[in-house]
Every structure is written in C-alpha cells, then in structure tokens.
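Enquirer: In case you want the letters, here they are:
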Amino acid sequence: MTDNKELNSPGYEIPDDLAHAVSITTIDRLYNWGRRSSVWPLMFGLACCAIEMIAAQASRYDLARFGMEVMRPSPRQSDLMIVAGTVTKKMVPSIVRLYNQMPEPKYVMAMGACASGGGPFKEGYNVVAGVDKFIPVDVYVPGCPPTPQALIAGLIKLQEKIDKQSIRKVRWYRKGADTVQIPVPVLGPDIMDPRRYDEIKRLASRAVPAGEKPAEAVEATSSPAEEA
Amino acid sequence: MATLVHTETLDLAARFPGAVTADTRPGYSGWIVNKENLVEVATTLRDEFGFDLLSHVTGVDYFPDKMEVVYNAYRTTGGPGIFFKVQVPRVDPIEVPSVTPIWPGAEFQEREIFDLYGIKFTNHPDLRRILMWEGFDGHPLRKDWHEPFYEEDNKPFKSRWPDGKFLSAEDKNPYKDNLRFPQGFDPEKITFDGEAALYGALAKYQTTDKNGLKTDHVIVNMGPQHPSTHGVFRAAVVLDGETVIGLKPVMGYLHRNHEKIGERNTFLQNMPFTDRLDYFNSMSNNWGYSLAVEKLMGVKPPERAEYLRVIMAELSRIQNHLILIGMLLNDLGTFFTPALYAFEERELILDIFEATSGTRMMCNYHRFGGVARDLPAGVFEKIRDLVEDRIPRKADEFDRFLTENEVLVSRMKGVKVINGEDAINYSITGPVLRAAGIPYDVRRAQPYGIYDRFDFDVALRHNGDLYDNYLIRLDEIRQSVRILQQALKQMPEGPVMTGKPQYQVRVPAGESYGRIEAPKGELGFYIISTGKPNPWRYHVRAPSFINITALEKMCVGQKIADFVAILGVIDIVLGELDR
Ligand code: SF4
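Chains as they are written, first to last, in my numbering: chain A, 1 to 228; chain B, 1 to 579.
A couple of the hints might just be wrong.
[As the list claims (entries may be wrong)] 25 Å max Cα-Cα, derived DMTMM-like pairs, lysine to aspartate or glutamate: (1) A/201 - B/137; (2) B/172 - A/199; (3) B/382 - A/62; (4) B/189 - A/198; (5) B/85 - B/144; (6) B/500 - B/354; (7) A/201 - B/134; (8) A/201 - B/186; (9) A/201 - B/171; (10) B/382 - B/347; (11) B/172 - A/198; (12) A/133 - B/134; (13) A/201 - B/170; (14) B/176 - A/138; (15) A/133 - B/151; (16) B/382 - B/397; (17) A/133 - B/188; (18) B/189 - A/193; (19) B/489 - B/396.
Calculated from the structure, these hints are not laboratory results.
Start from the sequences and build out the full structure, keeping to the hints where you can.
Expert: If you want it as structure tokens, here you go:
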C-alpha cells in the first residue's frame with residue numbers, strides 16, 4: 001500500500017517501522033477512496049461531445065490515471081453516466097431508462113453546453129433544454145465541446161463530491177433505495193414527463209385568448225404573466 | 001452512351017412540350033415539371049440523358065401558396081447537374097409521385113420530406129416519419145409551424161434583456177419548457193404506439209412453411225445505445241438464426257433541427273452550426289456551406305485562402321479515415337487498441353486546427369470570401385512535418401500491421417458491401433462508391449476551389465467488399481498526402497479574405513447548391529435566398545444520411561456480426577445523419 005496521505009487518518013500515531021505496512025483510517029475514507037479511484041463510466045455518446053470524451057480516453061489525456069478507463073456499454077456495470085452530447089426528445093426515454101438501469105451508487109455528469117442546458121440547439125423543436133429536466137445531474141462541464149482537460153477537471157470535481165459522502169448517510173444503503181425509479185417519458189405529440197401529466201392537461205385545456213394567432217402560435221407567444 | 005447532351009444545352013422543355021417549363025425565377029435554374037409527368041421525365045433523364053446519380057431531393061415551403069419538391073441529379077461521369085422541380089398547391093393533402101422506384105436512393109429523403117413538410121409521396125414503398133416519431137404533432141419545417149421556443153421569424157432576435165430584466169426562452173412558454181401540445185390535449189388518453197408502424201414494416205418478413213406453420217423470426221434492436229452503432233443510431237434487425245433477413249434503420253435520435261434553426265439564423269450564423277454536422281470534419285463542412293453562399297454572392301476567396309482551405313480539408317480527411325480504420329477494427333473485435341493508434345496522429349492534426357482556428361473540433365474557420373485567420377507562426381512547419389513524415393509513416397504502419405493480417409483478411413475479404421450499379425442507384429457517394437469500382441469524386445467530377453491544379457488519383461477499388469472499403473481509406477490518405485505536399489509547396493503569401501470581414505452579408509436572391517467531396521461522400525448545401533439577411537431554405541445534403549439508405553440491401557443475407565462491420569465502413573456520423 002502506498003503512503004497515502006489522503007487515506008491515513010491523522011490522530012493515530014503509527015510507529016515508524018510500521019508506517020509502510022499499516023494504515024489507520026476511517027471507513028468513510030477507505031470506502032470513498034475505493035469508489036473514487038475506479039469510477040466506471042457508461043460508454044454512452046450522444047453527439048459531438050462524445051468524440052472529445054473518446055479523445056480523453058485515448059493515450060494523450062489518458063483517463064486511466066484516474067481509474068476511469070473502463071468504459072462499460074452496459075448500464076448495469078457502470079457508476080457514472082457521462083451525458084456527452086445533445087439530448088433530444090426522441091432519445092430522452094432511452095436515457096431515463098438507462099439511468100434507471102444503473103445500479104447505485106450512480107452519478108451523472110452533463111458534458112457540454114447541450115447536455116447542461118440545450119446549448120446551440122436549444123431552440124430546436126426536438127431538443128431537450130438540459131438533461132437535468134429529467135434526471136439529476138451531479139457535475140456540469142461547460143464547453144462546446146469541453147476539451148478533454150475540461151472533462152478531466154469535471155471528473156476531479158466528481159471525485160471531490162464522492163470524497164464528501166459518508167457511508168452512514170448515502171441514499172443507496174437506505175431501505176428501498178434501488179426501487180426509486182424515474183418515470184420514463186412518453187412520446188406523444190411532444191415529449192411528456194409522466195410527473196407532469198396534470199400540469200400538461202391543465203395548461204393544454206386553457207382557452208385560446210381572444211385575438212391570438214392560430215392555436216400553434218399561442219403557446220409560444222403567450223406571455224409569462226398570463227400563465228401566472 | 002457516347003453522345004450525352006451537355007447539361008447547359010439540354011432543353012427539357014422542347015423534349016416534353018407542355019409538361020416541362022424552364023425555371024425562370026431570377027437566380028434560379030433548372031426545370032419545372034408537371035406533377036403528372038414527373039415519373040416519365042425522371043426516367044428519361046436517367047435512361048436517356050445519363051443522369052444516373054440522384055444527388056438529393058428536398059422540399060421547399062413557399063408559404064403561403066405552394067410547396068416545391070426539388071430534385072438534383074448528376075452524371076457519375078462528371079459535369080454539372082440538373083435541377084428539376086415539382087410545384088404543388090399548399091393545401092393538404094399535398095401529393096407528389098415518388099421517384100423511389102426510379103432512384104431507390106430517394107427513399108429516405110422522401111420520408112424526410114414527408115416527415116418535415118407533410119408532402120405525401122404516392123407509390124412510396126414505406127412512407128413513415130423518419131426523424132421525428134410517429135404521433136408527433138405537425139410538420140416542423142413548414143413556415144407556419146412554430147417551435148415551442150419560437151421568438152421571432154428571423155435572427156438576430158430582439159434583446160433578451162428588455163428594460164434590463166433577464167428573459168429566458170422558458171419564460172415565454174406556458175409549460176416553462178420546450179413543449180407544445182394541441183389545445184385540449186390529455187396525456188392520459190394517448191393510445192397510439194409509436195413503434196407499431198416500425199414493427200408493422202418488419203412483419204412482412206414472417207414466413208410460413210409448406211404445412212402452414214408460421215415461423216417467427218427474432219427481431220433484435222441494435223441501438224440507440226449500443227457500442228457498435230457509432231452514436232445514437234438504431235437498427236431493428238430481423239434475424240433467421242445468425243443471418244439478417246430484414247433490417248430497418250431507425251434514426252432521429254440526434255435530430256437537432258439543423259434546418260429549422262438554419263432558416264432563422266443569418267447566413268453567417270450558420271457557419272458554426274455546420275461544424276456540428278459531421279463533427280469529425282468541421283473544416284470540410286464549412287467549405288460546402290461557404291461554396292454555396294459564395295456562389296450566390298459572387299465572391300471568390302483570395303489565392304492563399306484557397307490553399308488554406310485545401311490544406312485543412314485534406315488534413316481533416318486524413319484524420320477521418322484514420323479514425324475510421326481504428327473504429328472499424330473496434331467493430332471487428334480488436335477492442336480499442338488500434339483506435340488508440342489512430343488517435344495519436346489525429347491529436348497532432350487537431351493541434352493544427354486548434355492553433356489556426358482556436359478550437360480542436362468546431363473550427364468555424366471559413367468566411368464568405370476567405371478564411372477567418374492565417375496560420376500562426378510555426379504552424380506551417382508543423383503541417384509540413386506531419387505531411388512529409390508522420391502521416392505517410394502512419395499509413396505505412398497501418399498497412400504493415402493490418403493489410404496482410406490473416407484474421408482481418410479472412411474476416412473482410414469477400415464480405416460484399418455493395419456493387420457499383422446498386423451503389424449509384426442508391427445515391428451512394430464517397431469512398432463506399434469508389435470501393436465498388438465507380439471513379440466518382442467531386443474533386444474531379446466537378447472541381448471546386450483549386451482542386452483542378454493538383455496532381456492526384458481518384459482512389460479506386462473494384463470488389464466493393466469490406467476489405468476494399470478498408471484499403472480505399474488507406475489509398476485516400478496517401479492521395480491526400482500527395483495533395484498536401486503540392487499545396488504546401490505552391491501556397492503563396494497574401495491576404496486570406498476578400499474585402500472586409502462582415503457580420504451581415506448581402507446575399508442576392510436565388511438558389512444555389514454547393515457541394516464538396518467530404519470524407520464521407522458528397523456533402524452539399526442547398527440554399528435559397530430571398531435577398532433578406534436569412535436563408536429562406538437551408539438544406540444539407542448529408543452523405544451519411546443518404547449512404548445509409550442502402551443499409552438493408554447491404555446487410556440482407558449477411559451475418560449479424562457483418563452488419564456491425566458494414567455499418568462501420570459506411571462511416572456514418574450521427575450529427576450529419578440526423579441533422
Ligand atoms: S455542447 Fe457543442 S460539442 Fe457538445 S454536443 Fe452540444 S453542440 Fe456538440
């Protein structure tokens with residue numbers, strides 16, 4: 001074992017002759033150290049950003065230095081979903097399903113402008129303005145595309161986040177944690193989040209304000225004040 | 001066919017009196033064909049006049065009175081193409097006869113027009129939505145269809161900070177999100193099944209044996225999340241044992257509404273969007289678009305800019321093909337090690353892009369009438385070192401490791417992708433077409449830029465199998481190196497931009513099609529300008545999208561494992577396929 005300063009808890013004297021053989025630490029640190037050093041990302045590319053994600057895996061940037069080189073195509077074996085690219089309405093049911101299939105502990109990183117908030121394509125009719133509208137995101141990495149360095153910086157942020165967690169409090173050791181599922185969105189006339197059915201129904205039933213343009217333009221042009 | 005009439009002198013109106021008239025709108029060219037005579041005219045064009053390659057089909061919405069379907073056909077022997085159009089009144093149901101029976105390459109494009117414009121193609125074999133899902137509300141490319149985040153017809157939009165208060169797109173939408181629903185819609189009452197149409201299209205593959213027993217085949221859905229599909233592509237494959245007997249590609253998982261956004265943008269605003277089409281090759285995408293707009297504007301880039309364009313485009317081609325070979329081996333089962341070899345040189349090429357344009361992938365380098373920046377100090381030498389030394393060495397290295405490799409040869413040789421005749425019928429362009437023995441390369445067939453000055457061969461292979469498709473990439477890398485060597489020697493000093501750089505360009509009214517030989521095939525941009533700051537129509541002829549039309553034809557009868565490899569050599573990239 002290395003002389004791991006992060007791991008060894010201060011406060012306990014370790015005799016010099018045992019310093020290289022014995023570590024005294026807390027269970028939290030050991031637990032987090034193990035997890036943060038082998039985050040397996042889901043091999044999951046959506047668009048342009050995915051190419052930079054692959055570049056980050058390749059020899060020059062070498063994610064293996066962080067224990068993250070094992071990309072798993074199956075969600076069942078991965079810890080981290082890097083949402084690398086534009087999330088479209090047509091794709092989002094699959095993304096939510098993949099997220100549900102990942103076992104705990106699981107993390108989500110929104111890589112790039114598109115996954116974080118829609119990016120250059122935000123106004124598009126088939127584009128979801130940020131994956132966090134559907135699944136919880138742990139780290140956002142800005143950029144279009146983020147350079148491999150930026151991605152690595154994001155991964156280090158994720159490691160910091162992991163370091164702060166405590167085995168006594170993490171949600172996945174609570175009862176029934178793995179049964180929490182995010183409802184899979186449904187493709188109707190537009191993408192429909194089952195959590196918002198009531199709201200959609202209510203808003204869609206509103207009468208067309210007098211003097212407004214045809215039904216299609218109404219939704220887009222009615223002002224926020226009206227809605228409130 | 002020895003005596004082909006020149007495109008310029010071909011008089012379709014005289015050949016089909018009453019059925020065809022010349023398109024005389026200012027800035028337009030080509031012919032307007034009566035809807036009833038379309039099939040007859042198209043057949044004649046192909047069989048009699050030799051326009052065997054249907055380059056692209058697209059729709060245009062001339063709101064409020066008519067819709068137009070634009071066809072553009074070329075000869076694989078080279079030379080300019082011919083435009084012909086069908087105009088129909090803009091009242092539903094809008095119907096136009098399908099040309100898929102004549103050019104099977106139109107199949108997906110007609111589906112796209114149906115999806116985005118709502119034009120029905122009679123006699124089409126499988127008319128379903130293609131980019132959006134079944135059940136989506138409306139036809140988004142129609143001019144009177146507004147997306148949920150609609151603000152104004154054209155950019156630049158008014159201030160997002162009226163009276164100093166911040167306004168986000170969400171604020172303007174009642175759902176506070178990118179959503180729109182028909183009035184009175186109730187989500188719980190939704191009954192249709194979006195996948196039903198897809199599986200319906202696959203059901204024809206059911207077989208009944210002589211005793212009347214039905215045999216069900218296995219349907220395997222590959223993708224949209226699958227390591228072999230190179231992105232969010234999906235194919236529903238019908239299998240009999242291990243053999244593919246039917247296949248339907250399903251796409252649209254990365255449909256980012258490029259064309260709708262493009263028609264709101266100003267001309268220059270579209271340049272960075274073209275980067276994100278084929279995100280491996282932003283340098284060549286830029287070129288296709290600037291060609292189209294420059295044609296309308298009538299500007300010509302200065303000499304040095306022309307050379308810079310060639311240099312960047314060919315470097316881009318090299319890294320594209322390197323990655324292709326690396327990823328192909330991935331698909332064949334050598335997990336990631338060869339891809340790492342390919343990424344080595346790619347990084348060096350990206351360094352050059354980064355130094356020149358400021359970013360690794362999304363270069364946004366071209367401007368109308370030139371390029372954005374000259375090479376910074378030291379980059380010329382770097383390019384020279386790459387071209388003279390590292391890239392040829394890399395090509396030789398791949399050659400040495402792979403070409404004679406027994407496992408690879410036995411896995412790839414004789415696995416047919418497509419033959420030449422079918423490739424033309426299916427509008428396939430690029431390396432896949434040339435690997436099938438058709439020497440068609442836009443750089444030669446209709447040279448653009450300064451490609452007529454360089455001495456290079458159109459890479460050609462004849463068997464059209466996986467192995468040839470691999471070899472042709474190596475050939476093309478070597479040809480690109482040849483072009484680069486000449487370009488570096490000849491490049492003059494001088495300005496890189498004609499006139500002053502402008503945010504707002506004046507583009508005269510008319511239509512224009514600019515096409516280049518992108519690494520994946522013919523990349524074209526069809527632009528219609530009305531003289532306003534924004535294009536009225538902005539269509540991308542994406543090689544990935546059109547080359548995939550023949551996927552079913554290529555894969556039927558092959559093993560499922562070969563499907564993965566075939567998809568690999570077609571070289572799709574989803575940003576361009578779905579746009
Ligand atoms: S953020 Fe930029 S690079 Fe990334 S997927 Fe979106 S458009 Fe592509």
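Enquirer: Each hint should be assessed against the structure and marked as holding or not.
Expert: A quick look at each hint next to the structure:
Between residue 201 of chain A and residue 137 of chain B the CA atoms are separated by roughly 16 Å; this keeps the pair inside 25 Å, and the hint holds. Restraint check: the Cα-Cα separation between residue 172 of chain B and residue 199 of chain A comes to about 16 Å, which is no more than 25 Å; the hinted pair holds. Between residue 382 of chain B and residue 62 of chain A, the direct Cα distance comes to roughly 24 Å. Compliance with the 25 Å bound is thereby established for this hinted pair. Of the pairs offered as hints, the one joining residue 189 of chain B and residue 198 of chain A holds, with about 12 Å between alpha carbons and a cut-off of 25 Å not exceeded.
The hinted pair formed by residue 85 of chain B and residue 144 of chain B meets the criterion: a straight-line CA distance of about 22 Å does not exceed 25 Å. About 24 Å separates the Cα atoms of residue 500 of chain B and residue 354 of chain B, which keeps this hinted pair within 25 Å; it holds. For the given pair, residue 201 of chain A sits about 21 Å from residue 134 of chain B by alpha-carbon distance, which is consistent with the 25 Å threshold. As the CA atoms of residue 201 of chain A and residue 186 of chain B are separated by approximately 5 Å, the hinted pair is consistent with the 25 Å bound.
This hinted pair checks out: residue 201 of chain A and residue 171 of chain B have alpha carbons roughly 19 Å apart, not beyond 25 Å. As the CA atoms of residue 382 of chain B and residue 347 of chain B are separated by approximately 13 Å, the hinted pair is consistent with the 25 Å bound. In summary, the hint linking residue 172 of chain B to residue 198 of chain A is supported, as the alpha carbons are separated by about 20 Å, within the 25 Å threshold. About 23 Å separates the Cα atoms of residue 133 of chain A and residue 134 of chain B, which keeps this hinted pair within 25 Å; it holds.
Only pairs whose Cα atoms come within 25 Å are accepted, and residue 201 of chain A paired with residue 170 of chain B is accepted, the gap being roughly 18 Å. Restraint check for residue 176 of chain B and residue 138 of chain A: satisfied, since their Cα atoms lie roughly 23 Å apart, inside the 25 Å limit. For the hint pairing residue 133 of chain A with residue 151 of chain B, the CA-to-CA distance comes to about 21 Å; that is within 25 Å, so the pair holds. With a C-alpha separation of about 20 Å, the suggested pair residue 382 of chain B and residue 397 of chain B falls inside the 25 Å cut-off, and the hint holds.
At roughly 21 Å between alpha-carbon atoms, residue 133 of chain A and residue 188 of chain B fall within 25 Å of each other, so this suggested pair holds. Between residue 189 of chain B and residue 193 of chain A the alpha-carbon distance is near 14 Å, which keeps this suggested pair within the 25 Å criterion. At roughly 23 Å between alpha-carbon atoms, residue 489 of chain B and residue 396 of chain B fall within 25 Å of each other, so this suggested pair holds.
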